[in-house]
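Spelled out, the chains give:
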Amino acid sequence: MSRHSSLEFREDIRKMPYRTAQIRLVASHPEVYEPCDDSFLLVDALLSDQANLLHHQPRVCVEVGCGSGYVITSLALILGKQESGGVYYMATDINPHAVSVARETLNAHGIDADLVITDVASGLDKRLEKLVDVMVVNPPYVPTPEEEVGCDGITASWAGGEDGRSVIDKILPVADKLLSDRGWLYMVTLTANNPSEICLQMRRKGYASRIVLQRSTEDGQGSMIGSLLSQFPRFPFLTHGDSKKN
Amino acid sequence: MRLLTHNMLSSNIKGVTQGFPLQIEVTKSITKQVDFNPDFIKNMLVKVEWKALVEAARAMGYGELPETVEVGMVEDEDFLRKFHHALLEIHLEEGFLVCPQTGRKFPVCKGIPNMLLNEDEV
Ligand SMILES: C[S@@+](CC[C@H](N)C(=O)[O-])C[C@H]1O[C@@H](n2cnc3c(N)ncnc32)[C@H](O)[C@@H]1O
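For the record, the sequence lines run as chains B and W.
Note that numbering that gives the first Met the number 0 numbers the first sequence so that position 131 is 130, with each residue one more than the last.
Note that numbering that gives the first Met the number 0 numbers the second sequence so that position 19 is 18, with each residue one more than the last.
For reference, chain W alone in the conformation it holds in the complex (with noise of 0.2 Å):
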């Protein structure tokens, strides 16, 4: 799982009212190379929570990621590949997503996150 969809996910729990971000435990992460994309990667920036990047980016360990974006970045290349490579590169494999207010961990197996609750919790 990219941090990507890590970025597009909250908890879904009912009652849960702060439940963005996840927070991410790593049990294995990998680091897969991706072509850069000047367009997708742009086009993401506007959609991307950036605090929530920054936040997940370093609990994967990197911490290269300005804590935040300035009109301009857009077009400094340096900046836009270190965005490229949190966004797209690194993958949680194994390892859970945590609701923030309730602590109820959301499986991610073979990177793909498991967002299904329980009767109790719809």
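Bound-form chain B, shown alone (with noise of 0.2 Å):
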């Protein structure tokens, strides 16, 4: 019976194509980054390039940091089920709760994906070595403590140390080990993390930049409104306001 289900749900699913993931399909936990401005801003910006995507037809694509799953489901969508069909999807956390939860979002999207915990990438940067087509990374931006970057749990997902910049600078190294040849990188920064020196920074390395959407969000505070995201035509990237800081 719940076989005969769970398989009615899925051919639900088949029907109606949702765009990205739904919110109430999106599995939460205590300990574990819910959907916030941030990775709206990143499903968003990955919709307005959807066309892009489509042409680009790639075969690989990585989430570093999939929180709850939200972005790489969506990124899933909006390839579209048939491309899908012949896409391998990757996702990594470094919190074991979130890799989880990433897996129920995904299961009730039915979408196929792998999930790893580990810490960036670490174990899977040989076999991905220049496979990677999409990355696609909302990092922990967020200017902390140094003390606070990598700490367990929910902490984990917006601690970014000096500049918001210790995980960013972790995972620059590691997208340019295992981006193809035709490669692109999607990524959230502020302005905060100045952006415009890891364009220059990964430009040395012969990537272009290009800024996909960018919002100014109010928190409140007042200070680091996000601007300015920098990508290249080969390595979109983005940036918005400090929508974590409260």
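If you're looking for bench data, these hints aren't it; they were derived computationally from the structure.
Where hints are given, some of them may not hold.
Simulated restraints, written as ranges between beta carbons of each label pair [unchecked claim]: (1) W:Pro99 to B:Lys129: 20 to 26 Å; (2) B:Lys204 to W:Lys104: 48 to 54 Å; (3) B:Pro29 to W:Thr67: 34 to 40 Å; (4) W:Asp38 to B:Glu103: 25 to 31 Å; (5) W:Val15 to B:Ala207: 23 to 29 Å; (6) W:Lys81 to B:Arg23: 34 to 40 Å; (7) W:Asn42 to B:Gln213: 31 to 37 Å; (8) B:Gly152 to W:Asp77: 46 to 52 Å; (9) B:Glu147 to W:Glu66: 46 to 52 Å; (10) B:Asp43 to W:Gln32: 33 to 39 Å; (11) B:Asp124 to W:Gln22: 17 to 23 Å.
The model shown is predicted, which means the values in this text are computed figures rather than measured ones.
Backbone N, C-alpha and C fix where the C-beta goes; we use that ideal spot for every residue, glycine too.
Reassemble the complex: the two chains are provided individually, in unrelated frames, and hints are given to aid placement.
Following this line, the structure appears as structure tokens:
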């Protein structure tokens, strides 16, 4: 009976393709980052780039720091069921609860993906070297004391260390290693992260940049209103306001 | 954890040079049926390390994969279905992935591999 109804449920999904992950189907846990302004910004950026993405025909897509699974699920839906048939999705998070929650979110949308608990892409970097066509990252970017970076649980979802760059600076060389010759990286950053420096650094490695979407988010403290994001045709970045500071 | 995931993982301990493939210790395995998608499976054929998959499948109790892949097999549906089964339908639910060089065990709990290292391993 349960098998029957779950099959029916999947049929249901096929009949009504969602454009992005449905919040009501996104699983949650007190220690896991819930989809927030930055998650929506990243998914909206992917949506606005949908035509490019479809044309790009990625074969391997990776998310680093998947949290609830909202972004990787949405990416799979944006690429479409048919297209997705030929796409391999892999997502990582350093928080074990996040990976369990992401599994539930993916299942609820009928999306297959590989999930690994790891630091950035440690353990995957050998086999995935130069294979990844699209990487998506909504990193912990809030400037914090360095000690908070990589703490257990929900703290790891926002704590970015000095200038909010600690985890970003760990991710960039990994992205460069994993991305294929036609690889793209979509990433959320804050103005405080010094995105132009990020672009410059990546330009030296041969990446171009483009801002896909910019939003200023008033965080009630008046400080750090996000703005620019940068991205390269090979490397779509984005930046926005500091929505995580409360 | 499907064997596709296993095929993408290497031991990430500092100093390890022969970290692939991880050996599998099975405590509990399950099989879940997945729709056969020839596009996906053909696309994965070029990305998979074949020998590692054959050994992993054997460790999970499935010995139907050929030792080597020949050109032309891509069009053989019987072969593709076996590949599909080994890659996507056999899951390691509980057990360990063992570093071939150091013997360090990475746990797999509720189907999710944990590759996090202790401070002295990074
Ligand atoms: C801002 S949250 C984003 C979550 C989700 N992608 C979203 O957009 O809603 C950042 C995520 O990165 C994870 N994370 C932090 N440091 C990490 C690291 N070193 N390696 C992998 N994941 C990390 C956190 O656990 C958290 O789930």
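Cross-check of the supplied hints:
1. Distance hint for proline 99 of chain W and lysine 129 of chain B: a CB-CB separation of about 23 Å, consistent with the stated range 20 to 26 Å.
2. In this structure, lysine 204 of chain B and lysine 104 of chain W break the distance hint of 48 to 54 Å, their C-beta atoms being roughly 36 Å apart.
3. The supplied range of 34 to 40 Å is broken by proline 29 of chain B and threonine 67 of chain W, whose beta-carbon atoms lie about 49 Å from each other.
4. A hinted range of 25 to 31 Å for the beta carbons of aspartate 38 of chain W and glutamate 103 of chain B is consistent with their spacing of about 26 Å.
5. Between valine 15 of chain W and alanine 207 of chain B the beta carbon distance is about 36 Å. The supplied range of 23 to 29 Å is therefore violated.
6. A hinted range of 34 to 40 Å for the beta carbons of lysine 81 of chain W and arginine 23 of chain B is consistent with their spacing of about 38 Å.
7. Hint check: asparagine 42 of chain W to glutamine 213 of chain B, Cβ distance near 35 Å, so the stated range 31 to 37 Å holds.
8. For glycine 152 of chain B and aspartate 77 of chain W, the hinted distance range of 46 to 52 Å is satisfied, since their beta carbons lie about 48 Å from each other.
9. Restraint check, glutamate 147 of chain B to glutamate 66 of chain W: a C-beta distance of roughly 51 Å satisfies the suggested window 46 to 52 Å.
10. For aspartate 43 of chain B paired with glutamine 32 of chain W, a C-beta distance near 35 Å keeps the hint of 33 to 39 Å intact.
11. Look at aspartate 124 of chain B against glutamine 22 of chain W: about 20 Å separates their beta carbons, and that is inside 17 to 23 Å.
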